[in-house]
Amino acid sequence: MKRLSLVIIAVSAMSFMWVSPGLAVENYGSAGCGLGSLIFGDQAGGIQVIAATTNGTSASQLFGITSGTSNCEKQPKSYSHTRLNEFVVANMDNLAKDIAMGQGESLETVAELMGISAEEKPMMFSKLQENFLNIFTSEKVEAAEVIDNITTLMNNG
Amino acid sequence: MTFSFARGYGGLKRSISLCISLVIYFSLTAASEANHDLNELLQKAKEERLYEDRQWQILLHYKPAGSGHKSLIDDPIFFLSPVGKEDSEAELEATLRAFFESDKSGDGHPRCRFAARFEWLREKLGIDESLFSDVACNELENILRTVQPRSAVLVFPAAFMNNPASMFGHTLLRIDGSYESKLLSFAANYAADPGTMGILYPFKGIFGFYKGYFNLFPYYDRIKMYNDTEQRDMWEYKLNLTEDEVRRMFLHLWELREIYSYYYFFDENCSYNLMFLLEAARPSIHLTDKFGTWVVPVDTIRAVEESGIVEGFEFRPAKATRIRYISSLLDDKNKKKALSIAENRLSPSELSDSAKEDKVKMLDLATEIIQYRYFKGTLSKDEYQMLFLAALKERSQLGTSDDPYQIPVPTPPEKGHLSNRLGLGIGVMDGRLFQDISIRPAYHSLMDPDEGYLDGSQIVFANTQIRSIADGRIRLERFDFIDIASVTPRDRFFKPLSFKIKTGFMQQINPYRDENIIYYFEPGIGVAFKNKYMGVYFIMAEASLDISGEYIDNYALGGGLWVGMIKKITDAWKINLSAETLPHTFGEEFQENRASAVQTFRLNQNNSLNLSISWEEIFHDNRTELELNWNYYF
Chain A
490 MKRLSLVIIA
500 VSAMSFMWVS
510 PGLAVENYGS
520 AGCGLGSLIF
530 GDQAGGIQVI
540 AATTNGTSAS
550 QLFGITSGTS
560 NCEKQPKSYS
570 HTRLNEFVVA
580 NMDNLAKDIA
590 MGQGESLETV
600 AELMGISAEE
610 KPMMFSKLQE
620 NFLNIFTSEK
630 VEAAEVIDNI
640 TTLMNNG
Chain B
14 MTFSFARGYG
24 GLKRSISLCI
34 SLVIYFSLTA
44 ASEANHDLNE
54 LLQKAKEERL
64 YEDRQWQILL
74 HYKPAGSGHK
84 SLIDDPIFFL
94 SPVGKEDSEA
104 ELEATLRAFF
114 ESDKSGDGHP
124 RCRFAARFEW
134 LREKLGIDES
144 LFSDVACNEL
154 ENILRTVQPR
164 SAVLVFPAAF
174 MNNPASMFGH
184 TLLRIDGSYE
194 SKLLSFAANY
204 AADPGTMGIL
214 YPFKGIFGFY
224 KGYFNLFPYY
234 DRIKMYNDTE
244 QRDMWEYKLN
254 LTEDEVRRMF
264 LHLWELREIY
274 SYYYFFDENC
284 SYNLMFLLEA
294 ARPSIHLTDK
304 FGTWVVPVDT
314 IRAVEESGIV
324 EGFEFRPAKA
334 TRIRYISSLL
344 DDKNKKKALS
354 IAENRLSPSE
364 LSDSAKEDKV
374 KMLDLATEII
384 QYRYFKGTLS
394 KDEYQMLFLA
404 ALKERSQLGT
414 SDDPYQIPVP
424 TPPEKGHLSN
434 RLGLGIGVMD
444 GRLFQDISIR
454 PAYHSLMDPD
464 EGYLDGSQIV
474 FANTQIRSIA
484 DGRIRLERFD
494 FIDIASVTPR
504 DRFFKPLSFK
514 IKTGFMQQIN
524 PYRDENIIYY
534 FEPGIGVAFK
544 NKYMGVYFIM
554 AEASLDISGE
564 YIDNYALGGG
574 LWVGMIKKIT
584 DAWKINLSAE
594 TLPHTFGEEF
604 QENRASAVQT
614 FRLNQNNSLN
624 LSISWEEIFH
634 DNRTELELNW
644 NYYF
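Here the protein sequences come in this chain order: A and B.
Counting from 490, one number per residue, gives the positions in the first sequence under my numbering.
Counting from 14, one number per residue, gives the positions in the second sequence under my numbering.
It should be emphasised that the hints constitute simulated quantities derived from the structure, not laboratory data.
Source: prediction; values computed, not measured.
Hints may be right or wrong, so weigh each one.
Unchecked claim - Partial chain A-side listing against chain B, Cβ under 8 Å, derived:
# : residue
1 : Gly523
2 : Gly525
3 : Gln564
4 : Ala633
What the hints assert, rightly or not - Capping the alpha-carbon separation at 20 Å, the derived lysine to aspartate or glutamate pairs in DMTMM-like fashion look like this:
#  : chain 1 : residue 1 : chain 2 : residue 2
5  : B       : Lys137    : B       : Glu61
6  : B       : Lys251    : A       : Asp637
7  : B       : Lys348    : B       : Asp371
8  : B       : Lys332    : A       : Glu594
9  : B       : Lys195    : A       : Glu619
10 : A       : Lys610    : B       : Asp416
11 : B       : Lys195    : A       : Glu628
12 : B       : Lys76     : B       : Glu65
13 : A       : Lys610    : B       : Asp415
14 : B       : Lys57     : B       : Asp88
15 : B       : Lys195    : A       : Glu597
16 : B       : Lys406    : A       : Glu608
17 : B       : Lys372    : A       : Glu628
18 : A       : Lys629    : B       : Glu65
19 : B       : Lys406    : A       : Glu619
20 : B       : Lys369    : B       : Asp416
21 : B       : Lys369    : A       : Glu619
22 : B       : Lys348    : B       : Asp416
23 : B       : Lys57     : B       : Asp147
24 : A       : Lys629    : B       : Glu396
25 : A       : Lys616    : B       : Glu61
26 : B       : Lys394    : A       : Glu628
27 : A       : Lys610    : B       : Glu193
Where is the CB? At the ideal position from N, CA and C, for every residue including glycine.
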């Protein structure tokens, strides 16, 4: 039956290709350092429409569980925790947003990875929010610096 | 105030010790003794007919084929016996023998490579682990330590804006560990690996030219992809699998890594293959034998729900959904200001005359739009960094919002009408009574109830309508091969194009004041808007190609306009109005005009009524039709 999965359907799938307005993401893959570097999931660009249509993805990364590698090789001086480093590298923009808003899932995640207790969290969040500019010191700030800046703030309570 | 970060490691240590260690200690058992034990185990497995056991059938993905069975896995590496794909008994025997191999060690050893098979056989046969030579599965242990599989969640990224094709959706399986934050979970995904995508991509996807693989991603990566880049809302269905079951599932996933099966878009697709993981977790549920030749991802959600393992769901809105929601909380003037900030026409510091709560919302909205514009490639990285940081800097001075955003949860996709439709209709056409029967294998049209579906999207395959007219004639009224439309309103923040494409056969008035069946092809593109009173209204430019033996040179080609509106009056009642004018100027020359008004009444999830009146004029001949249709979705 499946092999008969109708030529019709193939034709229709073909027609999606030129009907679907592609959401071109030229910036995709712009690694480098700083905000906006690893903001995308692994797949974006004009092909995404087609890929979503047929549930395909570029599976070059077959079972890689580490993500968030970038061209930035700096390691945080203060605090070493692989999951934390990986997370901040890959989610720096959302973390910046959460810190500026004083709440959010990425911020909760960082607090959890740093072992902050539930009672201490509100104080931590408002402190980080107030010191936003001391954490995200420039557009080119790297994840390692963000972690160090957070650590310094927390230790100078 | 000082925080001690050292405490942070407590959680991690605990979880490592909770992980069941898989290290098998070195044993000096003599080879002959091992052989002796192996023979006993083989004997026992045969007596108990373990190769017929459901768990074994699941782990090897066997499905009935002819008089026997065949595995859906295509990669020969997955089978330890050369005939393993078709012979479950030989495969089980070969697997047991492979576990006792002493010429391999470490992660390459079958005992590590096929960890789920090993665990199951060890339990079933009471294998003494000390019999094994020094096999240390370091890689597996590492990954178990990182993922810490404890519970599982089925994830469905819904259709994405302005792309009806994506209504078929996708499913993935999230594996939660001991962290509270779900961003630290991992998601298992089955997908085709097309290498470079070319023009033949859809063909190849459908006919199984691509290899499908399982992969595992950090969940935050999938969220970024679906929620942020593709603007798809995500539905997360919590499963009641126990920790042991989830661990078993994970071991099976481990076995499947780098193993391929040929990928078939319509049946052996992402959603179908995930069902094997759920069965491996709990063999008593039957999922993979439930589907026919057409596996629509949302139907797998329904099947999983029916199997009783779903405990509840959560909704994770896309960035576009967030933007729409926050903007709905602001008045027009403030919406404009937020947009101006995002477009670098207003500095975030110039909002000082606004109330604090409004300022918070404007800046939050501006931030989301800045990110959205960057994803779309409208902003360069430098512009993005500058605007993003400037908005956040201002935002960080305002404290937390008193009123955190509670985005309303829409109807979940599995609560929408089912995918197949049967329609029975009765009507009058120019004074003659007629009856219709129609059948449509997939999927959703603008005239169907919207609940659970993306508003303004239509994707119809092979809609077939047969009409019996009072004068005794029975004829094929229409066969819509494919009929896709996307009517997505433009607003201040989003500027999508609307489009349609339809092709098939239908009865049409011919030059001889009669009707005959013609082939048609009609693509169109345009824009839609939304307003409180009119609902969604649209205008599209369209082209039309008709092919018929009754035409000069057998064809008619033209272009025209299509306008319409869709107004939802209540949750269960909506109206579609449309009008179309199509001058055909090549081949057979004629003017074609149509207008229709269709009302849809939703009775319940799987029943609806359509009341329609339509008029058409072709070759200066016209016909008017009034029809009442009952639709049943199954």
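Right, here's what the structure says about each hint:
1. Gly523: holds, 6 Å
2. Gly525: Nearest chain B Cβ about 5 Å off; hint holds.
3. Gln564: At 15 Å from the nearest chain B Cβ, Gln564(A) fails the 8 Å test, so the hint is violated.
4. Ala633: violated, 15 Å
5. Lys137(B) with Glu61(B): holds, 10 Å
6. Lys251(B) with Asp637(A): Violated, at roughly 36 Å.
7. Lys348(B) with Asp371(B): holds, 10 Å
8. Lys332(B) with Glu594(A): holds, 14 Å
9. Lys195(B) with Glu619(A): Given pair Lys195(B), Glu619(A) is violated - Cα atoms ~26 Å apart, limit 20 Å.
10. Lys610(A) with Asp416(B): The given pair, whose Cα atoms are some 19 Å apart, holds under the 20 Å limit.
11. Lys195(B) with Glu628(A): violated, 28 Å
12. Lys76(B) with Glu65(B): holds, 12 Å
13. Lys610(A) with Asp415(B): holds, 17 Å
14. Lys57(B) with Asp88(B): violated, 29 Å
15. Lys195(B) with Glu597(A): holds, 10 Å
16. Lys406(B) with Glu608(A): violated, 26 Å
17. Lys372(B) with Glu628(A): Given pair Lys372(B), Glu628(A) is violated - Cα atoms ~23 Å apart, limit 20 Å.
18. Lys629(A) with Glu65(B): Cα-Cα ~60 Å, so violated.
19. Lys406(B) with Glu619(A): Holds - the C-alpha atoms of Glu619(A) and Lys406(B) are around 10 Å apart, at most 20 Å.
20. Lys369(B) with Asp416(B): holds, 12 Å
21. Lys369(B) with Glu619(A): At roughly 16 Å apart (the allowed maximum being 20 Å), Glu619(A) and Lys369(B) satisfy the hint.
22. Lys348(B) with Asp416(B): With a Cα-Cα distance of about 18 Å, the restraint between Lys348(B) and Asp416(B) holds, given a limit of 20 Å.
23. Lys57(B) with Asp147(B): violated, 25 Å
24. Lys629(A) with Glu396(B): This hinted pair holds, its Cα atoms lying about 12 Å apart.
25. Lys616(A) with Glu61(B): Measuring from Cα to Cα gives roughly 65 Å; hence the hint is violated.
26. Lys394(B) with Glu628(A): Holds: Lys394(B) and Glu628(A) sit about 10 Å apart, inside 20 Å.
27. Lys610(A) with Glu193(B): holds, 14 Å
Violated hints, in rising order: 3, 4, 6, 9, 11, 14, 16, 17, 18, 23, 25; the structure is consistent with all others.
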